[in-house]
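A.B. asks: Residue numbers (the UniProt record's numbering), protein chains in the order written: chain V, 1 to 423; chain A, 1 to 423.
Treat the hints with care, as some may be off.
Intra- or inter-copy, both count: the list cannot distinguish identical chains.
[To be verified] When the alpha-carbon atoms are kept at most 20 Å apart in a straight line, the in silico EDC-like pairs for lysine to aspartate or glutamate are as follows:
(1) Lys49 x Glu38
(2) Lys172 x Glu374
(3) Lys226 x Glu144
(4) Lys98 x Glu36
(5) Lys3 x Asp62
(6) Lys26 x Glu149
If you're looking for bench data, these hints aren't it; they were derived computationally from the structure.
Listed below are the residues making up each chain.
There are 2 protein chains.
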Amino acid sequence: MKKIKVGLLGLGVVGAELANIINSNKEDIMQKYGIEMEIGKAYVRDLHKKRNADIPFSKLTDNANEVLNDSDIICECMGGSGTEATKDYVVRCIEMTKPVIMSSKKVIALYGKDIIDLCMTKKSQLRFDATVGGGIPIAKVIKECFKGEKITKAVGILNATSNYIYSSMERKGYSFEQALKKAQDLGYAENDPSEDINGFDALYKVIVLALFAMKSWVNIKEMSTKSFSSIDIVDMKYAQDLGYKIKPLAIFQKKKDKKFVYRVGPCLIAENHIAANVINNFNIIVFEGSNSGKLGFYGQGAGSKPTASAMYDDLVSVLKTSFDYEMDLYDGCDVIHDYRDFTNSLYWRVSVDNIIGKLALICNVFAKNSVNIEKVIQKDEVNGKMDVVLLTNSVESTVIDLITHEFENNKVDVNTIIPFFND
Amino acid sequence: MKKIKVGLLGLGVVGAELANIINSNKEDIMQKYGIEMEIGKAYVRDLHKKRNADIPFSKLTDNANEVLNDSDIICECMGGSGTEATKDYVVRCIEMTKPVIMSSKKVIALYGKDIIDLCMTKKSQLRFDATVGGGIPIAKVIKECFKGEKITKAVGILNATSNYIYSSMERKGYSFEQALKKAQDLGYAENDPSEDINGFDALYKVIVLALFAMKSWVNIKEMSTKSFSSIDIVDMKYAQDLGYKIKPLAIFQKKKDKKFVYRVGPCLIAENHIAANVINNFNIIVFEGSNSGKLGFYGQGAGSKPTASAMYDDLVSVLKTSFDYEMDLYDGCDVIHDYRDFTNSLYWRVSVDNIIGKLALICNVFAKNSVNIEKVIQKDEVNGKMDVVLLTNSVESTVIDLITHEFENNKVDVNTIIPFFND
């Protein structure tokens, strides 16, 4: 009887859930694969913290190396913090050619290329289906639903926290800050919400999805996001008046010549687009495949249970393939282009003193910079200032900077600039 | 080297596509499974029709029995017509314990219980993943995405034709008939569209999905649908004024004690529900799982390519399991209940001569039958008749009949009755 010791790096909510799944499936693994699987050591930062898993105290250690040395397969459940340390543990496992199952998307997003390169050199197994999708098993869906076809484009709402905040703003009239506070109270946002709010969490997911769906590696150092917090409730209202909604979108596309185009940030989207009705903590991802056309997947974006369950599936896959080398992902692709490929139009909200000639002034600035105004709506006066909403054609960021600068010199406040997503 | 002859019943668009997939994957099957797979005989109604598959004339036959006798595995690609003959062929295959891959959902919906029972008795293999989903590989998604959890409820738009028609009515102002004509011109509706329009196609899919998702067999003889054609464009407009859309919905739920509740027909759905934004020939199905919560899948609802591809996957599964007996579906469940489980409210549109006392008359009829009116909207007069829209609580069909009868006696025309879907 073959024996396999599974080591755990981390025993938080995901690690504990995974330990329980492993324990309750021992019999099944024995019957199906003739393998006696057991949990070996588990690395924890605090030995005396109460755990939700049935693991004897003797198996806990605060020395990660003990886990690496003791185990045949290592499951990384380290969560979001200590990214570099997590990467180092994973690298050491690979160097020892011990299969690794990962859950940290940030580690893949930051160090994925090095990790995968090392796996290919060492011919060691690595799986990270659990790094993306939460309640929606996206990695599995990609493998099962797009067999033999190319995914060229994707649009999605990938961050549950920001979507919850936007939904509360839109539907309950909360300010961004009020909505964030509410999300924190409900556990949809962390105490330090910056990774979610600033779009990094969504960006990590884009990078992992680019690997799974497009077999492309893109370099996070060349990427940036637009913070989701730049939106005011009044923008939501004005967008609605135009037949649009503002959503925290991630859009990415693999073009010819290994060009990868993306955008992560707030976007105006037609109110009758399917993503416009995805609210609260729900996520959606719509892929465009060469044969299937558009295929969309919708579900709750987070949860320790689905993550642990995805890790367990990865573990079983490693058992089934009898430790064979297997890594067909990855196709170097690090050219990143302008997001204007997705959009023809920009929404601007500026405010200006309510004096004669104010609209002429604004329109002149756009005209001088060869920007076409498609629509102007003068809104109500608040404290002597007028909100003016303009829709223009999409322009390069250098032109945006020029216009913004000129507005500043003329006492026009530029409050919001958001692109439209044209599907 | 093991040899496998695959026989084809039918060589229409799906059969031809499948033949091509089989031919182009011979090498792969040889390498992976050590099996020499080849297409044996193919049953066609017309020997001399031009086919889109590279199959020598000598392999064609207009005698289905030749296919059954000659083949090791049989693929049924008979399409919608000749349901009873198709069933007979399938039954004969099973009696010979030859594995069958099916594509006809109607045959499963009508005769599934007998077919499955026979498979269990004969310990013969049967697969029918291709019977449902079109572009969305629903059977695979259910197997992969809901491992070890119960699906209790589902709501979806399962018929592309009716959804295309409703979208054209809503967005382009076409009448039902105009929209149907347009759908036929574009190939989204058949020359005889009755199976789609009357909801039978969606009902067959409900029955197959109940098998896959809920492991339940429900008897079509105890079921009925509401025709999608009962909707007028003015209903769409009134629904929109109320913040709703009218959609061709299929809703089903497995309750305790093997009770299966369902409804197939037009429904009012909140305009911010995800299904409300699923338009044209797109389908959606949102399942509710015990662990995952709501998981939705969205894509184009039809296509010979995805169907053939699903059949090929089934074929490979049969090869992989080395002809083992495998049929864990099916859990007798044929009690069907009132759809009022999904709805608290009904939409009524009646019209009446524009005379004094007309509203009192209408309201009295409802009051007399103990039906609560939640909202009344008197619409414009057209040719001396007033449209009146009422929202009431949901009532039993016998009460609906009573009210309708009484309205008739009082010269009130009942134009439309549609339930709201309360998610």
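A.B. asks: None of the hints should be skipped; say for each whether it holds.
C.D. replies: Hints, verified against the model:
| no. | hint | verdict |
| --- | --- | --- |
| 1 | Lys49 x Glu38 | neither (22 Å within a copy, 61 Å between copies) |
| 2 | Lys172 x Glu374 | neither (30 Å within a copy, 24 Å between copies) |
| 3 | Lys226 x Glu144 | neither (33 Å within a copy, 35 Å between copies) |
| 4 | Lys98 x Glu36 | within (17 Å within a copy, 37 Å between copies) |
| 5 | Lys3 x Asp62 | neither (24 Å within a copy, 57 Å between copies) |
| 6 | Lys26 x Glu149 | between (36 Å within a copy, 19 Å between copies) |
The earlier numbered hints that this structure contradicts are 1, 2, 3 and 5.
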